[in-house]
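Asker: Residue numbers (my numbering), protein chains in the order written: chain F, 726 to 1135; chain W, 572 to 783.
Calculated from the structure, these hints are not laboratory results.
The reader is advised that the hints may include incorrect statements.
To be verified - Derived SDA-like pairs: lysine to any residue, alpha-carbon spacing no greater than 25 Å straight-line:
1. W:LYS631 with F:TRP1070
2. W:LYS653 with F:GLY1048
3. F:LYS796 with F:ARG762
4. F:LYS895 with W:ASP622
5. W:LYS619 with F:ARG1127
6. W:LYS653 with F:PRO1075
To be verified - Which stretches of chain W does chain F cover? Using the computed rule of at least three CB atoms under 8 Å from a CB of chain F, they are:
7. 619-628
8. 649-655
9. 693-700
Stated by the list, open to error - Computed, partial: chain W to chain F, Cβ under 10 Å:
10. ALA616
11. LYS631
12. VAL633
13. ASN634
14. GLN635
15. VAL644
16. GLN645
17. GLY646
18. PHE660
19. ALA768
Think of the CB as a built atom: it goes at the ideal place given N, C-alpha and C, for glycine as much as any other residue.
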Amino acid sequence: MDAKNLRLASGSALNLVGVRVGGAASSLRADELPGHRAVLGEKTPLQLDCGVDIGPFTVAYQTYGQLNADKSNAILVFHALTGDQFCAEHHPITGKSGWWSDIVGPQKIIDTNRWFIICANVLGGCMGTTGPSDIDPRTNKPFGLSFPVITIADMVRAQVMLLDHLGIEKLFCVIGGSMGAMQALQFAQAYPNRTFATIAIAGAARHSAQNIAFHEVGRQAIQSDPEWHNGNYLEFGTRPTRGLAVARMVAHITYLSETALHRKFGRALQNRNTITYGFDADFQVESYLRHQGITFVDRFDPNSYLYITRAMDYFDLAAEHGGTLATAFRDTPVRFCIVSFTSDWLFPTPESRSVVHALNAAAANVSFAEIPTDKGHDAFLLDEPEFHAVLSGFLEGSHTRREQSKGQRA
Amino acid sequence: MNGRTKPRLTNDLRVDLGLIAEMIPPGSRVLDVGCGDGELLEYLARVKNVDGRGIELSQKGVNQCVARGLSAVQGDADDDLKDYPSGAFDFAILSQTLQATWDPKGVLSNLVRIGRHAIVSFPNFGYWRVRIDLLLNGRMPRTRQLPDAWYNTPNIHLCTFTDFSALCREINVAIEEGLALDIEGGRKAFPASGWRANILGAQGVFKLQKRS
Chain F
726 MDAKNLRLAS
736 GSALNLVGVR
746 VGGAASSLRA
756 DELPGHRAVL
766 GEKTPLQLDC
776 GVDIGPFTVA
786 YQTYGQLNAD
796 KSNAILVFHA
806 LTGDQFCAEH
816 HPITGKSGWW
826 SDIVGPQKII
836 DTNRWFIICA
846 NVLGGCMGTT
856 GPSDIDPRTN
866 KPFGLSFPVI
876 TIADMVRAQV
886 MLLDHLGIEK
896 LFCVIGGSMG
906 AMQALQFAQA
916 YPNRTFATIA
926 IAGAARHSAQ
936 NIAFHEVGRQ
946 AIQSDPEWHN
956 GNYLEFGTRP
966 TRGLAVARMV
976 AHITYLSETA
986 LHRKFGRALQ
996 NRNTITYGFD
1006 ADFQVESYLR
1016 HQGITFVDRF
1026 DPNSYLYITR
1036 AMDYFDLAAE
1046 HGGTLATAFR
1056 DTPVRFCIVS
1066 FTSDWLFPTP
1076 ESRSVVHALN
1086 AAAANVSFAE
1096 IPTDKGHDAF
1106 LLDEPEFHAV
1116 LSGFLEGSHT
1126 RREQSKGQRA
Chain W
572 MNGRTKPRLT
582 NDLRVDLGLI
592 AEMIPPGSRV
602 LDVGCGDGEL
612 LEYLARVKNV
622 DGRGIELSQK
632 GVNQCVARGL
642 SAVQGDADDD
652 LKDYPSGAFD
662 FAILSQTLQA
672 TWDPKGVLSN
682 LVRIGRHAIV
692 SFPNFGYWRV
702 RIDLLLNGRM
712 PRTRQLPDAW
722 YNTPNIHLCT
732 FTDFSALCRE
742 INVAIEEGLA
752 LDIEGGRKAF
762 PASGWRANIL
772 GAQGVFKLQK
782 RS
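For reference, chain W alone in the conformation it holds in the complex (with noise of 0.2 Å):
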C-alpha cells in the first residue's frame, strides 16, 4: 500500500475527490457514480483530460453536469449499474455513497465489474469520535462525516474500514490502495489498513479490483 501523507491537493476539490483523482491516471476512461453537480467529472477533464461519464440521483444534479458540459444520467448505484457492460470503463468511482445504498455488496461487485479498477470512499464507522458518541454519550453518532440525526440519516448500511475490508475479500476484491483521512477535512492521510487506521481515519478512500 502506498504510504503517501500529504497528497497534493487542488485548491478547488473537495479533499476526499482531490485524493480519488490523484488515483486516476490521465487519459482515463471514468465512470462517476454519484457525481453530484460533476465536480470531479469536471476536474478530471480539466486536468487529466479523462473520459468521463456522470450517475447522478438528483436529476438537479444530472441537469447542472450536462450544462457544463459533462456526460450524465440519472439514475442509482443500486438499480442501474447493472446496464454497463463488462470492463467498459478503467475506474469506477463511488464516493460518499456506498453507505446509502441498498446493497452495497451488490454494488461493488458491480464497480469492479464495470471498471477495471474501482475508487470508493465513505465515512468510518469506527473513527473515535463516532465510537465515544455511541460509548459515552449514548447516543447515534454524528460528526462532520455524518452530520444527520438517525431519523433522516440518508446513511443506511454504514461500516469501519475493517467491515470494508471483510466484505472486499468476502467477494474477492482487491485493495490496491487504502487511504484514511483525518477529521480536518483530510489535511492527513496515512494508510487505511489496521487498528490505528479504523479509530483514527475519519473516511477512507480505497482503490480496488477484482481478483482475477
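Excised from the complex, chain F in its bound form (with noise of 0.2 Å):
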C-alpha cells in the first residue's frame, strides 16, 4: 500500500482543532518523569515467555496512599493498553486528570486514606518501564523491534517482582480493566496466594479473533509509515505519529458505542453549516476520531504500541491449562468480581460469563455484574454510578469477610 493513502486528510498542513500533527516526539522523555522508579531482576533476570532473560530492568510506578504497618491494605491498579501508572493525579504529560481519577482517590470507591494503591506502568511501555525505546545497553541504541516480545504473564511476573521489592506479600485486591482485566486474571491463576481479592472490568480471558483483527489493522498503520523505519524510528530522528494516530482513531471506535457516537456527534457538522464536497473533516466525529488520534501520539510510543497490542493478543488463559479455563482455577482462595457493560463490543459480556461459569466450575467465590450503559468499552474509565456502587459493594464485603476469616484464625 502506498504509504501516502494512510496519511490523515490532507497531508503536513493538517491541523485540527488546534493540535498539530507530526510535531516534535513528546515534551518529556521517559525517564524524565516524574515518580517512583524501582529496578529489578538484577540478580535474578525475570523470563519472559518468548524463551529471553531481561534484568536489570526498570518498573515505574505510582502509590497513593499509606501502606500500613502489617501491610495489608495495598491494591493493585493494572492499567489498559494505552493507560499508563498515572491512575490517580494530573497526567504530567497531557495535563489532564488521571484515567480512573472517578475511582481512585480520597473517599472514592478505592479510598487512598484508606488503602495503598500501587500502579505500575507494564513492562513494554512508554512510561518510564523498560520497554522498546529504551537503550539497549548491548548496542547504546535504541531497541526497537530487538525488544523481545511481552506477554499479559510477562507483565505481571514484572509486577509481581515490583511487590517482592515493595515487601508487600500479599495484597489486598488487584483490579484492572481491558487489558487491565487479563492482567488481574492472570495475576490471580499464577499468584493465587499473593492477593485475597480480583477485579476484573471489562476484559477476557482470551482476546477474540475480532479484537487480534483490529490490532493487526493498528500495527499495519504504524508499520505502513514511512517515518517507523522498521522500528528504528528513533535512531532516524522520525516517529511515525501519522500511522499511530490512524491505529489509534480505529481502536477508538471500538471502545464506543453506536449509540454514544450517535448521541455525541450524530451527523453534525464541524465549524461549517453544509458539506464541502472534500475530504476535509466535515464531520463532527471525523474531527473527534482525528483529535483522538493526534493527542494520543503526543505521549504514546509507536513501538510500545506493537508490543503491547501484541501481548494482548497473546493472552489465552486457558490454552496453558489443557483449553479449560476451569482447571487454570481450581480451587483459587481468591474472591472474584467479574463486571462487563452491555454495550460493550470488545469485550462483550459472554467474554465475561465464560470467566464466570469457569469460576463456577472451579468452586471459586466469584460475583458477576453486568452494567446497563450505552457507553461502550469505555464506560469502565466513566461515571457510571452502578458500577460505582458494585465496587465499592465487593471491595467492602471482600474487607469485612477477610476481617471475618483473620478472626477465624486468630
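Each chain sits in its own coordinate frame; assemble them with the hints.
Answerer: What follows is the structure, encoded as C-alpha cells:
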C-alpha cells in the first residue's frame, strides 16, 4: 500500500482543533517523568515467555495512600493498553486528570485514605518502565524491534517482582479494566496466594479474533508509515505519528458504541453549515477521531503500541491449562468480581460470562455484574453509578470477609 | 421429622427465609439459587457467618447483591447449576423458584449434587384455598403465594407436597425435614407430611439430601 494513503487528511498542512500532527516527540522523555522507579531483576533476571531473560530492568510506578504497618492494605491497579501509572493524578504530559481519578482518590471508591494503591507502567510500555524505546545496553541504541516480545504473564511477573521489592507479600485486591482485567485474571491464576480479591472489568480470558483483527489494523498503520523505519525511527530522528494516529483512531471506535457515537455527534458538521464536497473533516465525528489520534501520539511510543497490542493478542489463559479455564482456577482461594457492560462490543458480556462459568466450575467465590450502559467499552473509565456501587460493595464485602476469616484464624 | 411449631423468626426476614435460615448451621458454605436482592444471603452472612454465594436471574438483583457486599452471579437454575462441581457447598437453597423452572427434576438433582444438603421452598398447590378456587369457582387459583393470573404467571410447574415427595422418592432424594406454613405468613409451621399438611399448608420448606 502506498504509505501516503494512510496519511491523515490533506498531508502536512493538517491542523485540527488546534493540534498539529507530526510535531516533535513528546516534550517529556520517559526517564524524565515524575514518580517512582524500581530497578528489578538485577540478581535473578525475569524469564520472559518468549525465552529471553531480561534484567536489570526498570519499572515506573505511582503509589497513593499509605501502606499500613502489617502491609495488608495494598491494592494493585493494572492499566489498560494505552493507560499508564498516573491513574489518580494529573498526567505529567497531557495535564489531564488521571484515567481513574473518578475511582481512586481520597473518599472515592478506592479510598486512598484507607488503601495503599500501586499502579505500575507495564513492561514494554513507554512511561518509564523498560520498553522498546529504551537504550539496549548491548548496542547503546534504542531496542526498537530487538526488544523481546512481551506477554500479559510477563507484565504480571514484572509487577510481582515490584511487590517483592516493596516487601508486600499479599495484596488486598488486584483490579483492572480491559487489558488490566487480563492482568488481574493472570495475576489471580498465577499467584493465587498473593491477593485476597480480584476485580476484572470489561475483560476476557483470551483475546478474540475480532480484537486481534483490530489490533492488526493498528499495527499495519504504524508499520506502513515511512517514518517507522522498521522500528528504528528513534535512530532516524523521526516518529511514525501518522500511523500511530490512525491506529488510535481505529481503536478508539472500538472503545465506544454506536449509540454513544450517535448521541455525541450524530451527523453534525464541524464548524460549518454545509458539507464541502471534499475530504476535510466535515463531520464532528471525523474531527473528534482525528483529535483523538493526534493527541495520542504526543504521549505514546509507536513501538510500545506494537508490543502491547501483541501481548493482548497472545493472551489465552485457558490455553496454558489444557484449554479448560476452570482447570486454571481449580481450588483458587481468591474472591473474584467480574464486571461487564451491556454495550461493550470489544469485550462483550459473553467473554466475562465464560470466565464466570469457569470460576463456578472451579467452585470459586465469584460475583458477576453486567452494567447497563450505552457507553461501550470505555464505560469502565466513566461515571457509571451502578458500576461504582458494585465496586464499592465488592470491596467492602471482601474487606468484611477477610476480617472475619482473620478472626477465625486468630 | 422435626416437629417444631413456633420457629423463632427474625423481624427483618421473610418468614420462609427465616425457616430456611434456621436449618443452616453457622459457618456453612451456602449457594442460594434465585437469591433476589440478597436478603437471605445477607442475613446468613451477618448472623451465621455463612460463606454464601448467590445465583439470580435478574441482573438488577445481582448488582444489588454485589453492591451490598455479597457474592452473586447472573444465571438461572435450569442452565447454570450444571457448571458447579459436586459437593461444593454444604447447602444449596432454592426458595420459591422450583415451580418456575423448566426442569424441576433436573434442578432438584443438581441441587442435591452440588450441596451436601438442599433446602427447597415452594407454594403448595394442594392447599385448600387452591382446591376451592378450582372446585367451586372454576377459576385458576390465585392466593397470596400465587398472586398471578394464569396468563402471566411465571409458575409453569406447580405441585403439591405429595407430588414433591413422590418426585424425591423417584430421584432417590431423602426428605430430612419438611415444614408447612399456613397462609398467615407462616406464623404456624407444622410437619409437611401427610394428607392434612397437604391441605392446610400454603407453602413448604424442605431439607433434602441425596440417598447414598
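Asker: Each hint should be assessed against the structure and marked as holding or not.
Answerer: Quick rundown of the hints versus the structure:
1. W:LYS631 with F:TRP1070: Answer holds: LYS631 of chain W to TRP1070 of chain F is near 21 Å, not above 25 Å.
2. W:LYS653 with F:GLY1048: Between LYS653 of chain W and GLY1048 of chain F the Cα gap is close to 19 Å, so the pair holds against 25 Å.
3. F:LYS796 with F:ARG762: holds (20 Å)
4. F:LYS895 with W:ASP622: Between LYS895 of chain F and ASP622 of chain W the Cα gap is close to 21 Å, so the pair holds against 25 Å.
5. W:LYS619 with F:ARG1127: With a Cα-Cα distance of about 16 Å, the restraint between LYS619 of chain W and ARG1127 of chain F holds, given a limit of 25 Å.
6. W:LYS653 with F:PRO1075: holds (18 Å)
7. 619-628: With 3 residues in contact (Cβ-Cβ under 8 Å with chain F), the coverage given for the stretch 619-628 of chain W holds.
8. 649-655: Satisfied; 3 residues make the cut.
9. 693-700: violated (count 0)
10. ALA616: holds (8 Å)
11. LYS631: Holds. Min distance 9 Å.
12. VAL633: Status holds, d = 6 Å.
13. ASN634: holds (5 Å)
14. GLN635: holds (9 Å)
15. VAL644: Status holds, d = 4 Å.
16. GLN645: holds (6 Å)
17. GLY646: holds (8 Å)
18. PHE660: Because about 8 Å separates PHE660 of chain W from the closest Cβ in chain F, which is inside the 10 Å limit, the hint holds.
19. ALA768: violated (36 Å)
In summary, the structure is inconsistent with hints 9 and 19 from the numbered list given earlier, while agreeing with the others.
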